[in-house]
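Add chains B and C to chain A, keeping to what the hints say.
Residue numbers (my numbering), protein chains in the order written: chain A, 1 to 240; chain B, 241 to 565; chain C, 566 to 808.
Source of the hints: derived by calculation from the structure; they are not laboratory data. Don't take every hint at face value.
[Said to hold, decoys possible] Below are the SDA-like pairs computed for lysine to any residue, each with C-alpha atoms no more than 20 Å apart in a straight line:
| id | chain 1 | residue 1 | chain 2 | residue 2 |
| --- | --- | --- | --- | --- |
| 1 | B | K453 | A | L40 |
| 2 | B | K547 | C | S766 |
| 3 | B | K468 | A | L40 |
| 4 | B | K453 | A | D39 |
| 5 | B | K453 | A | V104 |
| 6 | B | K547 | C | A604 |
| 7 | B | K468 | A | V99 |
| 8 | B | K547 | C | S610 |
| 9 | B | K547 | C | E595 |
| 10 | B | K547 | C | E594 |
| 11 | B | K468 | C | Y611 |
| 12 | B | K453 | A | L42 |
| 13 | B | K547 | C | N596 |
| 14 | B | K488 | C | E594 |
| 15 | B | K547 | C | T590 |
| 16 | B | K547 | C | T588 |
| 17 | B | K547 | A | F98 |
| 18 | B | K468 | C | G652 |
| 19 | B | K547 | B | D376 |
| 20 | B | K453 | A | G102 |
| 21 | B | K547 | C | F599 |
| 22 | B | K547 | C | F583 |
| 23 | B | K559 | C | F583 |
| 24 | B | K360 | A | V214 |
| 25 | B | K547 | C | Y611 |
| 26 | B | K453 | A | Q36 |
| 27 | B | K547 | C | I775 |
| 28 | B | K468 | A | F98 |
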Amino acid sequence: MTVLAFLDAFTGALEFIFEGQQAGIAGRGTVGGLDQIGDLTLDHIEVSALALAGSLLLAMPVGMWLGHRGKGELLAVAIGNAGRAVPELALVAFMVAFVGVGLVNLTIALLILGIPPILTNTFVAIRQVDRDAVEAARGMGFSEAGIVARVELPLSVPTLMSGVRTAAIAIIATATIGPIAGVVTLGDLILGRNVYGDDGVLAGAIVVALLALVVELSLAGVQWLLTPRGVRLQRAPAGA
Amino acid sequence: MTQSRLRAGFALFAALVLAIGVAACGGDDDDDGDGGGDTSANLIEENPDNNGVQVTVGSKNFTEQYILGEIYAQGLEAAGYDVKTQLNLGSEVIALRALEDGEIDAYPEYTSTALTSFFKTPPEDVPANAQQAFEDSQSEFEAEGLTAYPPTPFSSANAVGLLTSTAEDLGVSTISDLEGESQNLTLYGSPECRQRVDCLVGLEDNYGLQFEKFVPVDIGLRYEVLDKGQADLSILFTTDAQLSESDKYTILEDDKELLPAGNVLFVARTETADEAGPDFGETIESVQSNLTLEVMQELNARVDIDKEDPAEAAEAYMKEFGYIE
Amino acid sequence: MTTGSLATLPPLAQGGDFFRERTGTSCVEENGFFCFQWAADNIDSYVTPTLEQLYLVVLSVAAGFVIALALAVLSHRRRWLVPPLTGFTGVLYTIPSLAFIFLLIPITGFGTLTAVIPLTAYTLQIIYRNIVAGLANVPAASKDAGRGMGMTDRQLLWRVEIPLAVPEIVAGLRIATVSTVAIATFAFFAGAGGLGEPLYSDIEFKTNVIISGGLAILMAIAFDALLVVAGRFASPWRKVRPV
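Same shape as in the complex, but just chain A (with noise of 0.2 Å):
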């Protein structure tokens, strides 16, 4: 009976995707179809990519300078602790609240779950390089800012990236709620059963879904392409 009653949803979903329905009963016009549901994934990237940019920008300066320096070590574990016990929703909802709806607003939270990953990955990355590797460098004779570009950055590669892509994907996650303040994001479809109906709602579920699989993928080979091959062949730290 239910494989029956998901097979339906399902085959509607990609009705939905593809060609597109009819917008209800008193709607005018279609919903769906390959268009807008492109046009919604394009939003919802940007919306991601910026933010993301913005996390990485502001989080991994920081977060290098401190490991590389040692110091702060339990500020940058703290935050990694408190970003993720927030809850989107209550964040997204607290940014509506206090300050208002808009995109301006939406990344400021997206920014407050970006950032917590990598400043921590980052800093524990670099923190956990070899101190001998480090002081054979500085024997070397290469300047500080030169032992974090040549040496400790590529040593840290794998955990980083462990902070970049948990920080991608909480922000795509949290991008579908992006309606909520009013940006319009793949999220529409999923809150949007007014307007898109059930098989509206599903079909944005799956594009979502597919969406971060990309990502990740596409993250996780950006990683292995950093990696230097000596420390691809090193197994990859466990926890953060």
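Just chains B and C now, kept in the frame of chain A:
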């Protein structure tokens, strides 16, 4: 010496501010139900015959609907029916589908919405006369196996609203006045507004208005977006408490009659109504008889402004007018 | 209820007490930062959602732990399982929770199960990864000692390796639990209740947002603290490493 004096002074000041704050927060809801007039005739009697009949009352997803759903549900419950509620269904399309599928047995619908949305009446043709609109809706609903009960005293309509200050700055008082200005104005409305002829679609087609941007937000935020200066225009309801409580907001006159007003009809599955017997219709008509515009606005205010629970507000209404004790 | 002798807003009497006089200056009307009176009056409406959220979190983390432990034990002697299982649990983690819930609704309908499945799935990656890492970090000396005492593989696993991996496991549980509390705010979309319900019902009312969100965050902190204490009990021979 001076430092500890300063500290003591500050502490005292802080305590005072805190005390005033707490008291101010607590100072304003003191309503002893005086219940003017003789309402004893309204009291709903429980009829044991109704005890086995199950009725699921639904509603759409905004404050007024929650309150109405609760009022009807509490009334039917008092009459002895086995009542379940499923409020917060969604738009009228979803509610109608739930009704036809049997997921709910009844819900309150506006004549204007029913005629324009379900029965494809152009907005200009929706009868201004409540009785006429009721009769038109009733016959259409009957064809679908649904029974519509006579209308409530109050009616509600969508409205294009804005801050009074903005209206004065722009010098607009009717929707048509927006012509020429609307390209620079943002309009905020519910997500389904984009598909509805008595909303964005009609504003674009009938009034020929193009807006700089339409932003879909939850109905519950329709005043906040005006307050926070993000929306130039917002879709409001004429029964909103915020409109009656202050002059801060203005609604533009609907000179082309795009946004018809509709009274509420309780729409039920005919088979449920038949099974439920005569008490069903009688209770419905009795319970809604005191829902004048002022009363509905007060109830909306209790939920939207005073942040009370809709069930609580409904119960207060029922007690005030003597339906329950 | 009026409070205190400093009440500066006496209720105004008028014909018909049903219609209230609203001056527009009360905390609730102005949507002030936090309205203590309203909070005090309405705090009991948050009890059920909090309990629902608690229930969902405990259930999901427990289920996640059991499943992850089983997978880790399975992978213990079959190292080739680790990459695919890590990948699989990783894929589950990638799917945004809201999407996951709505993907399940056509199959499992509305209800607790539809919320528990995604919540459990999200915990798998971190718990699995940490158990595997914890087992891998068991010092060889301890294992040798165990074998020296004549333990079978299975006894070794359950009496030596897992106990020594407890700090790492607890670290994973802490992360998983805190994340689950946060994600469980979405559970009401699946019809499973939780603090997301009061939150979403009025997101413009500041006091409501603070209470709903605040309770969720407090719950996460409480669970974290609880697990830290539990971890200390379970491995008294080791100083718990900061996570």
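Hinted pair, alpha-carbon criterion (20 Å max): B/K453, A/L40. Please report holds or violated. holds, 16 Å
Sort out whether A/G102 lies within 20 Å of B/K453, counting only the CA atoms. holds, 12 Å
20 Å Cα cutoff - pair B/K547, C/F599: holds, 13 Å
Restraint check for B/K547 with C/E595, where alpha carbons must lie at most 20 Å apart: holds, 11 Å
Do the alpha carbons of B/K547 and C/S610 lie within 20 Å of each other, as the hint requires? Distance ~12 Å between B/K547 and C/S610 Cα, so the pair holds.
Mind checking the alpha carbons of B/K453 and A/L42 for me, to see if they're no more than 20 Å apart? holds, 18 Å
Is B/K547 close enough to C/N596, meaning Cα to Cα at most 20 Å? The given pair, whose Cα atoms are some 10 Å apart, holds under the 20 Å limit.
B/K488 and C/E594: Cα distance at most 20 Å? Between B/K488 and C/E594 the Cα gap is close to 14 Å, so the pair holds against 20 Å.
Quick one, are B/K547 and C/S766 close enough, alpha carbons at most 20 Å? holds, 11 Å
B/K453 and A/V104 were given as a pair; does the straight-line alpha-carbon distance stay at or below 20 Å? The given pair, whose Cα atoms are some 16 Å apart, holds under the 20 Å limit.
Given the hint that B/K547 pairs with C/Y611, does the C-alpha gap stay at or below 20 Å? Judged against 20 Å, a Cα distance of about 14 Å means the pair holds.
Given the hinted pair B/K453 and A/Q36, is their Cα-Cα distance within 20 Å? The given pair, whose Cα atoms are some 17 Å apart, holds under the 20 Å limit.
Against the hints set out earlier in the document, violations occur for numbers 3, 11, 18, 19 and 24.
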